[in-house]
Amino acid sequence: MKTLVYLVIGVFFGIVMYKSEAASWFRIYEMFEFGAFHMYGIIGSALAIGVIGVQIIKRKKLKALGGQEMQLKPKAMSVPRYLVGGILFGLGWALAGACPGPMYVLAGAGFGSILLVIFGALVGTFLYGVVRHKLPH
Amino acid sequence: MEWIKDPWPWYVSGPLIALVMFVLLFVGKQFGMSSNLRTACSIGGAGKASDFFKFDWKKERWNLIVVLGAIIGGFLSANYLSDNTVEINPEIATKLETYGITSTGDAYLPTEIFGTESLSDPKILAILLIGGFFVGFGARYAGGCTSGHAISGLSNLQLPSLIAVIGFFIGGLVMINFIYPLIF
Chain G
1 MKTLVYLVIG VFFGIVMYKS EAASWFRIYE MFEFGAFHMY GIIGSALAIG VIGVQIIKRK
61 KLKALGGQEM QLKPKAMSVP RYLVGGILFG LGWALAGACP GPMYVLAGAG FGSILLVIFG
121 ALVGTFLYGV VRHKLPH
Chain C
138 MEWIKDPWPW YVSGPLIALV MFVLLFVGKQ FGMSSNLRTA CSIGGAGKAS DFFKFDWKKE
198 RWNLIVVLGA IIGGFLSANY LSDNTVEINP EIATKLETYG ITSTGDAYLP TEIFGTESLS
258 DPKILAILLI GGFFVGFGAR YAGGCTSGHA ISGLSNLQLP SLIAVIGFFI GGLVMINFIY
318 PLIF
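Chain order of the listed sequences is G and C. 1 is the number of the first residue of the first sequence in our numbering; add one for each residue after it. 138 is the number of the first residue of the second sequence in our numbering; add one for each residue after it.
Misleading hints may appear alongside valid ones.
Claimed, not checked - Within a straight-line C-alpha distance of at most 20 Å, the following computed DMTMM-like cross-link-like pairs (lysine to aspartate or glutamate) qualify:
1) C/Lys-232 with C/Asp-220
2) C/Lys-142 with C/Glu-254
3) G/Lys-2 with C/Asp-193
4) C/Lys-232 with G/Glu-69
5) C/Lys-196 with G/Glu-69
6) G/Lys-134 with G/Glu-33
7) C/Lys-166 with C/Asp-188
8) G/Lys-73 with C/Asp-243
9) C/Lys-260 with C/Glu-249
10) C/Lys-142 with C/Asp-193
11) C/Lys-166 with G/Glu-33
12) G/Lys-2 with C/Asp-243
13) C/Lys-232 with C/Asp-243
14) G/Lys-134 with C/Asp-188
15) C/Lys-232 with C/Glu-254
16) G/Lys-58 with G/Glu-69
What the hints assert, rightly or not - Label-pair ranges, simulated between beta-carbon atoms:
17) C/Ile-316 with G/Val-130: 37 to 45 Å
18) G/Thr-3 with C/Glu-254: 33 to 41 Å
19) C/Thr-235 with G/Leu-65: 47 to 55 Å
20) G/His-133 with C/Pro-152: 36 to 44 Å
21) G/His-137 with C/Thr-248: 23 to 31 Å
22) C/Tyr-148 with G/Phe-34: 16 to 24 Å
23) C/Thr-248 with G/Val-131: 18 to 26 Å
24) G/Leu-65 with C/Ile-320: 43 to 51 Å
25) C/Leu-299 with G/Gln-71: 14 to 22 Å
26) G/Gly-112 with C/Thr-222: 42 to 50 Å
27) C/Glu-254 with G/Met-77: 43 to 51 Å
28) C/Glu-254 with G/Gly-66: 45 to 53 Å
29) G/Leu-72 with C/Arg-198: 20 to 28 Å
30) G/Thr-3 with C/Pro-152: 49 to 57 Å
The hints are simulated quantities; they were obtained by calculation from the structure and are not laboratory data. Where a beta carbon is used, it is the ideal one built from N, C-alpha and C, also for glycine.
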């Protein structure tokens, strides 16, 4: 039953990514050129609702299903980790024109070349795991 | 029924992404797509090379099912819910033409980069592999990607997520403004 819930969430997410064109290389390029409001509107409106909703959850101390805590733990503070990691991610995001969620969506949409991007992302993740002790966090 | 193939405007798409995040919170999970890459490495035996991949990946199974759903969602959208073209700002399209990308408005992804015939070009292969590499490495180093930081983290007013998102844009702007002119 739970499996079905996650599957439905995933299908819904995939459709939203594709139909919003957030999974399109063109839209990502246009965003970084500040050529349209579209992507900023998507992220901004998701955030506006997200911030309000999370505040309601916190103030009303709402619990997740089964009475467990909501996964809203604060993240450990650091500058180099988030800034350098973020910059590397941004370089890749703009080069491949896809971030992790849309990668899977595009694979389902039948773009075979995206499998190379996913392969590269797996290699990158693996290499991070190997060298992470040598990086500032 | 042609309207069903029209793209969704931002004010429909953004709130629906927020909905995905809230539904995951209510079932006790956190919206984040890049952690699946770590899980996949772990399943593939990467725990032999680094402790980073030694964890109980079965606890992350739920997120792999979300990925499976996203793949199905992509399939359904491309085949039944979209005409698979993307219209962007004409000025940006003109700029792309100077880079040799002329498929704007005719395709969902530029055929010059993602078309199967482009795979014989070593430069295109490098773009796809290196682009993916930076996404994977950067997402894990930063502890999250667009979904984990820009949506989940910022919704929770996390300063680390703001720093990460600023980093995403620094990286993206450097790529578009300084590196694209060198590679295209």
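So, going through the hints one by one against the coordinates:
1. C/Lys-232 with C/Asp-220: Violated, at about 24 Å.
2. C/Lys-142 with C/Glu-254: violated, 27 Å
3. G/Lys-2 with C/Asp-193: holds, 19 Å
4. C/Lys-232 with G/Glu-69: Since the Cα atoms of C/Lys-232 and G/Glu-69 sit roughly 49 Å apart, the hinted pair is violated (cutoff 20 Å).
5. C/Lys-196 with G/Glu-69: With a Cα-Cα distance of about 16 Å, the restraint between C/Lys-196 and G/Glu-69 holds, given a limit of 20 Å.
6. G/Lys-134 with G/Glu-33: violated, 34 Å
7. C/Lys-166 with C/Asp-188: violated, 23 Å
8. G/Lys-73 with C/Asp-243: violated, 44 Å
9. C/Lys-260 with C/Glu-249: holds, 11 Å
10. C/Lys-142 with C/Asp-193: Roughly 41 Å between the alpha carbons, so the hint for C/Lys-142 and C/Asp-193 is violated.
11. C/Lys-166 with G/Glu-33: violated, 34 Å
12. G/Lys-2 with C/Asp-243: violated, 40 Å
13. C/Lys-232 with C/Asp-243: holds, 16 Å
14. G/Lys-134 with C/Asp-188: With a Cα-Cα distance of about 14 Å, the restraint between G/Lys-134 and C/Asp-188 holds, given a limit of 20 Å.
15. C/Lys-232 with C/Glu-254: violated, 23 Å
16. G/Lys-58 with G/Glu-69: holds, 11 Å
17. C/Ile-316 with G/Val-130: 37 to 45 Å: violated, 26 Å
18. G/Thr-3 with C/Glu-254: 33 to 41 Å: holds, 39 Å
19. C/Thr-235 with G/Leu-65: 47 to 55 Å: The hinted range 47 to 55 Å holds for C/Thr-235 and G/Leu-65, with Cβ atoms some 53 Å apart.
20. G/His-133 with C/Pro-152: 36 to 44 Å: holds, 41 Å
21. G/His-137 with C/Thr-248: 23 to 31 Å: violated, 40 Å
22. C/Tyr-148 with G/Phe-34: 16 to 24 Å: Holds: the Cβ-Cβ distance is about 19 Å, inside 16 to 24 Å.
23. C/Thr-248 with G/Val-131: 18 to 26 Å: At 36 Å between Cβs, range violated.
24. G/Leu-65 with C/Ile-320: 43 to 51 Å: Because 48 Å falls inside the window, the suggested range holds.
25. C/Leu-299 with G/Gln-71: 14 to 22 Å: Holds, since C/Leu-299 and G/Gln-71 (Cβ atoms, about 19 Å apart) stay within the stated range.
26. G/Gly-112 with C/Thr-222: 42 to 50 Å: Given range 42 to 50 Å: violated, Cβ gap about 19 Å.
27. C/Glu-254 with G/Met-77: 43 to 51 Å: holds, 48 Å
28. C/Glu-254 with G/Gly-66: 45 to 53 Å: Check passed, 51 Å falls within 45 to 53 Å.
29. G/Leu-72 with C/Arg-198: 20 to 28 Å: The hinted range 20 to 28 Å holds for G/Leu-72 and C/Arg-198, with Cβ atoms some 22 Å apart.
30. G/Thr-3 with C/Pro-152: 49 to 57 Å: Given about 26 Å between the Cβ atoms, the range is violated.
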